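Note that our numbering numbers the sequence shown so that position 167 is 167, with each residue one more than the last.
Keep in mind the hints are simulated off the structure, nothing from the lab. Since the structure is predicted, the reported quantities are computational estimates derived from the model, not experimental observations. Don't take every hint at face value.
Taking lysine-lysine and the DSBU-like style, the derived pairs with C-alpha atoms no more than 35 Å apart in a straight line are [as the list claims (entries may be wrong)]:
1. 183 x 103
2. 183 x 23
3. 144 x 103
4. 144 x 23
5. 183 x 144
6. 144 x 154
7. 183 x 154
Derived CB-CB ranges, DEER-like [as the list claims (entries may be wrong)]:
8. 223 x 70: 31 to 39 Å
9. 3 x 172: 35 to 43 Å
10. 24 x 184: 18 to 26 Å
11. 94 x 42: 20 to 28 Å
Beta carbons: idealized from backbone N, C-alpha and C, even for Gly.
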Amino acid sequence: MYTFNIDSAGELLDIIHAHYRAKQPFSLVRIGDGENFILAQESIHTTRELIDMYNVVADNRYSGIAIPNLEARDRLLDAVRRATVVGFLHQTDCYCWYPMTEKIFDHYGINPARACYAFINFQLVAIPLFYDIFRHARVLLVGKPMARLAAVLKNRYGFTNLAGFLNLRHYWDTDIVLQQMSKIDYQVVFIAAGANAKIIAEAAMNSGKIGLDLGHAINNILIHDGENQFAWGSMAPPRKYYRQVNPGQ
Numbered sequence: 001m002y003t004f005n006i007d008s009a010g011e012l013l014d015i016i017h018a019h020y021r022a023k024q025p026f027s028l029v030r031i032g033d034g035e036n037f038i039l040a041q042e043s044i045h046t047t048r049e050l051i052d053m054y055n056v057v058a059d060n061r062y063s064g065i066a067i068p069n070l071e072a073r074d075r076l077l078d079a080v081r082r083a084t085v086v087g088f089l090h091q092t093d094c095y096c097w098y099p100m101t102e103k104i105f106d107h108y109g110i111n112p113a114r115a116c117y118a119f120i121n122f123q124l125v126a127i128p129l130f131y132d133i134f135r136h137a138r139v140l141l142v143g144k145p146m147a148r149l150a151a152v153l154k155n156r157y158g159f160t161n162l163a164g165f166l167n168l169r170h171y172w173d174t175d176i177v178l179q180q181m182s183k184i185d186y187q188v189v190f191i192a193a194g195a196n197a198k199i200i201a202e203a204a205m206n207s208g209k210i211g212l213d214l215g216h217a218i219n220n221i222l223i224h225d226g227e228n229q230f231a232w233g234s235m236a237p238p239r240k241y242y243r244q245v246n247p248g249q
């Protein structure tokens, strides 16, 4: 039985902030059912078995990586093994949630040193201090909704130093994006790119940066903005959190 040793989004943010202040590399990767199907290929199941279980996994639109794709499996596996923090599901109602993750971890001998709930990302972006920490950092945005997010971060949250945004639709964009990233000066990357986010987060960490797999939590930021709200559901920022935080502090 694999358990979490990071119990709250606040605790996770403290860890991220400590790495950011110390200029230490960091990656958060989260494993959901989409990642499970990719990692399970020709390891705990044949690809045919996986597609028979849930045929949408053979389409890029499910997780951004269609199976079969053993190259992607191996890249995700490396990203999970090397991640600073790994998120995964605890629910056992569906085999493709925790039960499949457990089999994958057992098969590959993975036991994350730091683990949290996979959907902690939603709570993380609802903490005002998250925005305070990164407001003046060189933040790169990677994923499909990032052009919209860039405008929201500037206009609502006062981000002053965005390094740019890169579109990533599916696996075949990944190496193009990685090449583009290598030419950009950034400190932190916010990623919403399905299963491909793990590969991007690892690449950021390997470059001495911070890679955050934020997934659909980015959509929550955009939804709240559309309702004229901050991500924590308020129409105004809480003063006690809004202070000047310089990059690296």
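#### Entry: Range agreement (Cβ of residue 184 with Cβ of residue 24, hint 18 to 26 Å)
holds (20 Å)
### Task
With 31 to 39 Å as the target window, see if residue 223 and residue 70 comply at their CB atoms.
Given range 31 to 39 Å: holds, Cβ gap about 36 Å.
### Message
With the threshold set at 35 Å, check whether the alpha-carbon distance from residue 183 to residue 154 stays at or below it.
### Response
holds (23 Å)
### Message
For residue 183 and residue 23, compute the direct alpha-carbon distance and say whether it is at most 35 Å.
### Response
With Cα atoms ~19 Å apart, residue 183 and residue 23 stay inside 35 Å; holds.
### Query
Holds or violated: are the alpha carbons of residue 183 and residue 144 at most 35 Å from each other?
holds (20 Å)
### Task
Mind checking the hinted window 20 to 28 Å against the Cβ distance between residue 94 and residue 42?
holds (22 Å)
### Query
Hey, residue 144 versus residue 103, does the alpha-carbon distance stay inside 35 Å?
holds (31 Å)
### Query
Is the distance from the Cβ of residue 3 to the Cβ of residue 172 consistent with 35 to 43 Å?
For residue 3 and residue 172 the Cβ distance comes to about 36 Å; the hint holds.
### Message
Next pair to validate is residue 183 with residue 103; report whether the Cα-Cα distance is within 35 Å.
### Response
violated (38 Å)
#### Entry: Agreement of residue 144 and residue 154 with the hint, judged by alpha carbon distance not exceeding 35 Å
holds (18 Å)
### Query
Straight-line Cα separation of residue 144 and residue 23 no greater than 35 Å?
holds (28 Å)
Consistency with the previously given hints fails for number 1 only.
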